Amino acid sequence: MASPGNIPQNEKSKSFDIVETYHQLLKEDPDLTMPVAAIEALIELLVQSRAVTVYETLDLVKTQSDYLKSRIPNSISLSAGTDLFQRYMISSLKPSSTGNFDTMRQHLLSNGRLFVSRAKAGREKIATYGRHFVRDGSVVLTHGGSRVVGALLGKAAEASKSGGNVRFKVIYVMNDARSSESKAVVSTLRAKGVPVATISEGAVGYAMGKVNLVIVGAEGVVENGGIISRLGTYQIALLAKAAGKPFYVAAESHKFVRLYPLGQYDLGIDQEVIVFKTDKEDLSSEEKKFAERTPEIEEKKEYFAPGMDMPKPNTAVDAVDFTPPALVSALITEEGVLTPSAVSEELISVWW
Amino acid sequence: MPSSDPPTAESAPPQAPSPAQGKGNTAKQPKGKEPAAPTDGPKLSGAELKKRAKEEKAARRAEALLAKGAAVPVVPLTPGQQPKAEGQKGAKGQRQHQRGGSTSVELRNLPVRGAQKVVPGPIATEPKKEDKTVEFFRHLYKTRTTSIAGASKDVHPAVLALGLQMSNYTICGSCARLVATLQAFKRVIESYTTPPQNSLSRHLTSHVLSPQIEYLSSCRPLSISMGNAIRWLKLEVSKVDVSVPDAEAKKGLCDAIDVFIRERVTFADQVIARSAADKIKNGDVIMTYAKSSIVQRALVTAHEEGKKFRVIIVDSRPLHEGKHLAAALVKIGMDVKYCLINGLSHNIQDVTKVLLGAHAMMSNGRLFSRIGTALVAMEANEADKPVIVLCETIKFTERVALDSIVHNEIAPSDELVIPGGPLENWGDIKKLQLCNPMYDVTPADYIQMIVTESGNVPPTSVPVLHRLGNESQG
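Chains as they are written, first to last, in full-length UniProt numbering: chain P, 1 to 352; chain D, 1 to 474.
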């Protein structure tokens with residue numbers, strides 16, 4: 001594995017750091033999702049790089065993607081973007097395609113930008129498809145700060161304003177750890193004239209009887225059609241299933257990720273959610289390991305120069321969980337409404 | 001349904017020759033016995049040899065009778081036996097050859113089926129008594145060819161040998177049989193010359209390959225993967241240009257077969273073992289059922305990487321295939337627990353993952369595998385443990401299965417009988433039937449993941465992969 005140092009660059013661009021660029025992009029545009037930010041960062045990398053051969057370019061993108069992934073505690077969503085971009089590069093940089101390397105590179109850059117703008121437009125499309133799920137008089141339960149769900153509910157609310165006669169209510173599950181985000185979502189919806197009730201996470205089972213449908217967002221959609229999303233999604237899905245209420249997921253198709261978790265502890269990331277403690281002191285690491293039964297992630301030492309610290313594992317605040325496909329009624333994507341099993345077909349057609 | 005007595009009369013025809021056989025031919029028996037002995041190795045007891053010789057005789061006699069009855073120029077006994085002796089010599093050498101060529105050498109420590117020499121027996125042994133077949137499975141009973149007597153003269157010696165090896169489970173397991181079949185067909189193609197006024201693409205399949213396939217399926221029903229491969233081979237033959245000279249066409253076909261085996265089996269196995277081993281983590285407890293060569297490879301791969309995990313092997317009568325897996329894993333120093341299927345619900349508690357092999361994957365996502373697999377999968381699902389199936393895409397089929405009755409294979413019922421046990425004379429007990437199917441069907445809901453050479457997919461994606469696999473093939 002290569003270290004970040006071996007990027008073929010000239011003096012000027014040596015300061016380019018993909019992780020910094022990534023964070024910068026996310027900060028600048030609050031509407032940007034993680035996979036798209038990753039793709040934009042990679043395009044930025046291509047602009048800066050002086051690679052002159054196809055193989056060099058591919059290798060550069062690969063090492064930098066791996067480096068980026070290793071520096072972000074939860075790289076699942078991000079890897080959807082980097083994988084997709086690499087795939088796209090491989091298919092468009094085929095030696096058989098016409099023209100010299102430079103024109104191909106230009107083509108790649110412009111198409112990459114096109115991809116980013118399309119990904120942003122996807123959210124609108126999802127909102128258009130999804131608003132038909134919100135019928136007159138229905139009660140929608142949601143949680144988290146998903147921008148897609150926000151757009152979807154906003155669209156539905158607009159429809160009711162413009163005489164579409166759709167009146168619906170929202171039950172929002174508050175997250176104590178992220179109360180500012182929760183409050184922002186609630187106030188946006190209330191501003192649009194949608195009656196919102198806020199409940200605590202413990203009240204979801206109690207409220208489920210009043211709910212007609214559940215709509216949530218996702219960080220990543222995995223190969224079997226399950227989703228990886230904010231901690232708490234899994235239990236809402238279970239309760240919805242138990243009550244027989246439909247559970248919809250709104251997510252752009254660039255969030256489809258080549259990952260196949262078998263359960264909560266098979267996500268490939270370290271999460272500090274279950275931490276056993278006593279009054280006296282922390283358990284020894286041995287005992288902790290036994291208690292958690294979560295597989296260890298092998299350290300990616302090669303990326304870190306001495307002195308650099310490892311990214312911290314996810315704490316409960318930004319931890320995620322896995323909702324299996326059996327609990328998902330449908331996925332609302334910009335390519336239409338898919339069943340969970342269609343995700344696998346979609347991924348096969350992209351990757352075959 | 002009323003009693004099963006009436007159907008006896010209808011199913012009588014195959015039994016007809018056997019009463020005659022008992023009386024008239026005892027004097028000749030030793031003759032038939034001697035040449036037969038070397039082919040089957042030392043494992044047969046004297047009584048079994050005798051039984052075998054008897055059956056052979058019966059078959060020959062039936063053939064002769066038939067020939068006479070049809071007023072076809074009588075096929076005299078002596079020429080009929082000639083090719084047989086030849087075939088046996090061929091068989092001997094052939095077996096060695098195929099073992100070398102087969103990809104899965106470790107498959108060889110195979111379960112020996114003690115009683116299988118008895119022709120699906122109740123019919124033959126109890127001609128006058130009641131029908132001992134089980135009502136629901138009656139359409140599945142087939143008399144298996146267990147000797148080369150009566151085989152068509154068109155059948156190639158390599159295929160004759162292979163047929164015998166399949167019928168006595170020397171070559172067992174879906175992929176091993178597939179590879180062996182293709183190797184044998186390569187020999188057939190090599191020794192083929194197109195007759196004048198014919199073209200290879202039109203003559204080979206219908207006149208040469210068909211009798212081979214027919215013979216093989218009479219020895220043991222073809223597996224799904226063999227069906228897929230044969231379909232591919234026929235297509236390949238039909239694509240041969242008429243203008244291509246014989247030698248070149250034959251070489252092309254043989255090369256195509258080699259590539260096919262390499263891509264769809266050898267390489268696929270490597271990829272599957274690799275990605276299944278990746279799924280095994282430190283501290284895992286893996287449960288598996290019976291013996292699958294690909295599961296074995298995956299476990300060994302993970303072990304060689306230094307991962308620390310335990311294996312629980314669940315096994316069942318009558319084959320006890322799991323014993324061989326347990327022995328192989330213990331030998332390389334793995335931590336293995338062996339239990340029979342009645343200890344399943346106790347042992348499932350500690351398990352973290354269940355790995356299963358497959359005979360075939362159906363298009364509705366169901367798994368067709370060794371009988372007992374469905375039970376393990378169900379129990380695992382009940383205990384919320386992930387079930388992972390390891391399966392090459394060559395085993396995918398467009399057929400669907402709703403139950404394990406419509407398609408299945410019935411093994412001889414006598415395999416279930418423990419010598420000296422209470423069932424020893426079960427044939428004499430009225431209204432008692434034994435049923436010994438080979439496979440069962442596991443519902444797709446119990447399966448979390450299928451590991452194939454083209455990635456890990458949910459059971460719902462089986463038809464997609466099957467379609468893609470066939471497109472890239474054709």
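These are computed hints drawn from the structure, not numbers from a lab.
Errors might be hidden in some of the hints.
[As the list claims (entries may be wrong)] Sample of chain D residues with no beta-carbon within 10 Å of chain P, all distances over it, derived:
1. I213
2. P318
3. G455
4. L468
[Unchecked claim] Restricting the straight-line Cα-Cα distance to at most 30 Å, the calculated cross-link-like pairs of lysine-lysine (BS3-like) are:
5. D:K142 / P:K69
6. P:K277 / D:K142
7. P:K62 / D:K307
8. P:K277 / P:K169
9. P:K169 / P:K183
10. P:K27 / P:K192
11. P:K62 / D:K281
Owing to the predicted nature of the structure, the values given are computational and were not obtained by experimental measurement.
Glycine is no exception: its CB is placed at the ideal position from the N, C-alpha and C atoms.
query: Hint numbers the structure violates, sorted upward?
result: 3, 4, 5, 6, 8
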